[in-house]
Amino acid sequence: MLLSFTIIIGAAMAQETEKSLPKLPSVTVKNLDGKVINTSELSNNGKPMIVSFWALWCKPCINELTTIADVYDEWVEETGVKLIAVSIDDSRSSSKVGPTVNGKGWEYEVLLDANGDFKRAMNVNMIPHTFLINGKGEIVWQHTSFSEGSELQLIEMVRKLNAGQSLEQH
Amino acid sequence: MNLKSFIPVLVLVISFTSLSVRAQDFLAGGKVTGNFQLDAQVYKADSAIGAEEVEEKMLMNAFANLLYSNGNFNAGLRFETYLNPMLGFDPRYEGSGVPYWFGSWKNDQFDITVGNFYEQFGSGMVLRSYEERNLGYDNALKGARIKFSPTAGVTLKGLIGTQRFFWDQGPGIVRGLDGEIALNDLLDKAGKCKTRVTVGGSFVSKYQALEEIIVNDTSLLKLPANVAAWSARFNLSRGGFTLDGEFASKMNDPSNMNKFIYKNGHSLLLQASYSQKGFGVIASAKRTDNMSFKSNRNERGSVLDINYLPALTRQHTYSLAAMYPYATQANGEMALQGQVNYKIKKGSLLGGKYGTDIALNYARITSIENELPEGTETIVSGTEGYESSFLTFGDELYFQDFNIEIQHKFGSKFKLLVSYLNLNYNIAVIEGHPEDSIPVKASIFIADMTYKFDQKNALKVELQHLGTKQDEGDWLHFLAEYTIAPKWFFTVSDQYNYGNPDKDRRYHYPTVAAGYTAGSSRISLSYGKQREGILCVGGVCRPVPASNGFAVTITSSF
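As you go down the protein sequences, you meet chains Y and Z in turn. Start counting the first sequence at 1; every next residue gets the next number (my numbering). Start counting the second sequence at 1; every next residue gets the next number (my numbering).
So here's chain Z without its partners, still in its complex pose (with noise of 0.2 Å):
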């Protein structure tokens, strides 16, 4: 990172210091606060599991955030060090430096912002900035935003920017205008209405500078330098029923997501719920037909991601209930989801003293149908690819996920979850295997349960087992963790890939770990094997390789 990038954060931060009356006023009443996490790994190279050699021995990720606000004034930065990055994070994230600060404005009706922001538009299906930080992701924009609400009910927002990609910029610049009218407050001003129903809408274009190229040897194609999107709204709400939907378009974009297709893409989400004390229910469809938009139309993988195309399954958290994770298929997926959760009451004969808690939740996404122009028997770049009929579902199962879940407490200090879940995942589509793999067939049970000897002190125990006659075979997921609150956490765990196919390589992968909270602040230290996975965090998901060796987790907030 360079000193120039910081001094327009330093002419900001100076003139708003002369702008008010006194520099000490200014300051007066100004709080600082921030954040600090730090990730390390020893590692040690593990041929049987793949782990391989590290010729740093240790590498480390960290970063640090500090806030400065006061009254409607705001400015922060962000410090990011990698040295070098984990294994399983981009390389290219290797140093160190600020790659994001901002400052910002506002009174009643205008917020305005300067330098690195996120925002998201509806449900991100045109535009959604964001970061995980926990798996390398940031997208976040650089350039200027400013929301407008000239009334109550009303917001307008409008930006520009380019995207981080990791310590640089992308080459497209992003523009993007939204708009939502909440009607309630906007013509209801006395609450008379029991209805409440939010519209809005959005438009983004993204600029890369006009691109020639030639495929199939002998086609030269143009690339639009201009790309437009725009997505419609809606919300409404009447007691415990909520129906909420979005749609989303996107204008000819060739990229090479999508094999350099002209086709118009869109995506289309439909939710709707009912609720009430102790029971819930949802359904929710979802079509998405060539909607990967990315500021730079040549990256692949998760970098320049201009939107977020929300993935409909349940994200499981139990480690073998976690070893398929379903990823959106930006070209073009059916899914479908429905979700029921009850509780059965206190004081009944299954409900007992405190009730049980049952989730049920189901979830099916397909291709789309598609078909190909007479003659082509692939994707042809430079064409309008194929075509697609809007509600039909693809022959192809990309993901299915039956899964229930049953919590019940028996008195005061003990309690009980089991669940049990049937997946479907198609391992060629969402990781890329050859082809012909074959989709893996999982069934997996969960017992996690909780004894609790005291005020303080408490034994749970997790117990898993996933079984499958494809991929890895079967695994037996064991996990035992002895809490003493509010302070102190001692695991130990293995996971036993008893069932692999390759008898030489059933192996063990255990894992001792123990951790200290003091208020906002945690350290824990692991020493163990990882196995090979995908870690997935909110939307977004990372490969995380396999690993031996002792690792440190430090994070606070003040």
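So here's chain Y without its partners, still in its complex pose (with noise of 0.2 Å):
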């Protein structure tokens, strides 16, 4: 089993030199009004998305999200960034997310993954954790925890990646 993971792992990377980045998965989450969405499909008409993972019991990711939603106009005039927020929220919450978000007045794109299944398949241990998209669907640079003060290195990514820069970590 570890011998064919190796295996392939081991092909795999020695395909990385083109530097072809992984892409949004394809599995299915609902949005607000219950409609089915394949997440491979999301998109911002080739311009760059924040995809954050959430939840209702998560008090950074609601600090992230509630400090993003107070400059949230100005990042979308100036970049054309989207944000989708996904909750992770299950049956117990997940139908409290939309009268919060609406009554919170957040503006952004907002994503039921009710049994997880979005989240295991970006591979997201801890919330908030955002990811940020290039136009071609391609996960560029990944993010998790949030402090005051994170939001400005998240547009500053979104800034260098719409002026074709290298989004190195560090």
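If you're looking for bench data, these hints aren't it; they were derived computationally from the structure. The hints are all genuine.
Between beta-carbon pairs, the in silico distance windows are:
#1 K345/Z - K160/Y: 29 to 37 Å
#2 A480/Z - T79/Y: 30 to 38 Å
#3 G46/Y - Y496/Z: 51 to 59 Å
#4 G46/Y - K353/Z: 30 to 38 Å
#5 I438/Z - P60/Y: 34 to 42 Å
#6 A272/Z - T79/Y: 32 to 40 Å
#7 D395/Z - E74/Y: 54 to 62 Å
#8 I484/Z - S40/Y: 34 to 42 Å
#9 E74/Y - L186/Z: 39 to 47 Å
#10 E41/Y - P150/Z: 13 to 21 Å
#11 R159/Y - F445/Z: 36 to 44 Å
#12 E41/Y - N264/Z: 40 to 48 Å
25 Å max Cα-Cα, derived PhoX-like pairs, lysine-lysine:
#13 K47/Y - K160/Y
#14 K147/Z - K157/Z
#15 K160/Y - K456/Z
#16 K189/Z - K35/Y
#17 K35/Y - K147/Z
Where chain Z lies over chain Y, by a calculated footprint (3+ residues, C-beta under 8 Å):
#18 33 to 47
#19 55 to 63
#20 94 to 100
#21 123 to 130
Heads up, the beta-carbon is just placed ideally off N, CA and C, and yes, glycines get one too.
Combine the two chains into a complex, taking the hints into account.
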């Protein structure tokens, strides 16, 4: 088993020379109207997307999304970025997500990942976990946790991506 | 774990590899991603707070996931190691191995998975397999699953498998079918209709070899080998309105959980909500009667659950607010919940420059009305047990929670959150304390302040107070956290049980912690004491024993 995996990984690594990046995986989630959405089809017309995993029970997640909400209009205007907030709340509270998001006046696209399928496919351990996706649907950057001011690093990465600069993590 | 169980994966991988025209083509463009988490703690005995001596001195839990994807093919595995399991985790996790692996393939209509998988039908009331790694909860199915979508708007699922039981599988086989139709996607492809309607239904059957047991020294019970459950659900939305519901029912399933009665079980969940920008309201109601459904009828506790019964209460995150969390009573409960979210507009007198967020939440859960047959004083195994009228609330209060939360930002530097909670917690029912234990009535105040010094440096201070005359009495909690975005955090905190009725048990629980984040990798260290409590994530909870010592958590994704 491990052997076969090693072979695959080794072969896959050998192909990495073109430096192609992982794309958004194909799993199904629902939007707030109950419509089924395939995550590989998420797009922002060639512009960058932020995919942020959160839950109602996660305080730093709510902080992050509330902080960004104050400047979101400016971000969209400046960079064309779209934020997709993926709630991993399960059926205990997933129906509270819509009223809470609207109640807070957030303008994000909100998806419900009630059994964690998208979360698992994106290798998310702890939330908040935020990904930056380029216009081709490739994952170019990711960050876990939130502290006041982290949002500035995030928008800086979006600007760099738009300017075609490298997004080295450090 | 033995090597045998890996052979199918090996065969699968090789066959997929050889199926493609050339192995090189198959591997070209393949991607490997993964994640890793390690938690370890060095334990110090502290007889005062009840932290026991740990013979190993140090305990550790860790896991790593690897995912391989290539076009429509995916494969993955998880390595887990518990040397030995940390306190609070089930000791049966001891050891290392690969308890989770899968291969899957999909096209536009079919999606086939073999190996271990997670799945949920509807709200999960008849079937949900899922994981909460930080709680040690994992009831993954192992077998095969097919999803089929014959046309847009129609999803059919079929699955069969056994459930994970630590390093083993449970004895029962779970078979399930689910169908969901999004009427708009099927009938109104132009999207003219503003009302969205989705309907669905599930059928789940459990097989466990027939068993005969003797109860009350005389009666011989035949426990059915096959137990069926079904559910029907709908979801309706129009503009800001949504209405959804699910009714689930289970046939006779005498088990250790329900004292081996033959009564059918059922559960009903109804929710209605309305929201527009700046305002959201939701009301929910739920009735549950005899709905524990496990793939081993003899088990108790949070293992081998086939279904999931969501608790209709708000999940609190502040430390003292989370001290008395509710857990669904599968044998029977009536629940009501309401929540209002409102944002006072920016620029108004009370809203200020940034607006003010207000959230109100109320939940009340009672027993179900419960009538025993004449001449009996308790539930008798081997009978129908009791009768219960559908819409009547029982007399016993299990849980009540009223809470309000107000959040306001004063300028660009300072923000404040204040919250008040009033809880009523039936400790005898929820935690299994002696039957005559007095329910806990608690009032909790929380103030959470954050001050930003500049774009990167911020200080957060939390003050919490829990007042109660029952259980362990009053608590104070203080926390200060300094963050340097986006990489560093430093925390000092203390919990003080200053109102413990026993004056010799008025302990402090001080902790210091620090952490460093680089991209998607994070390391955090903490040193101090932790009180005995209940940790809940998502829908499940686990007891956390008191501990004292040094802990580290490392997590990384790539």
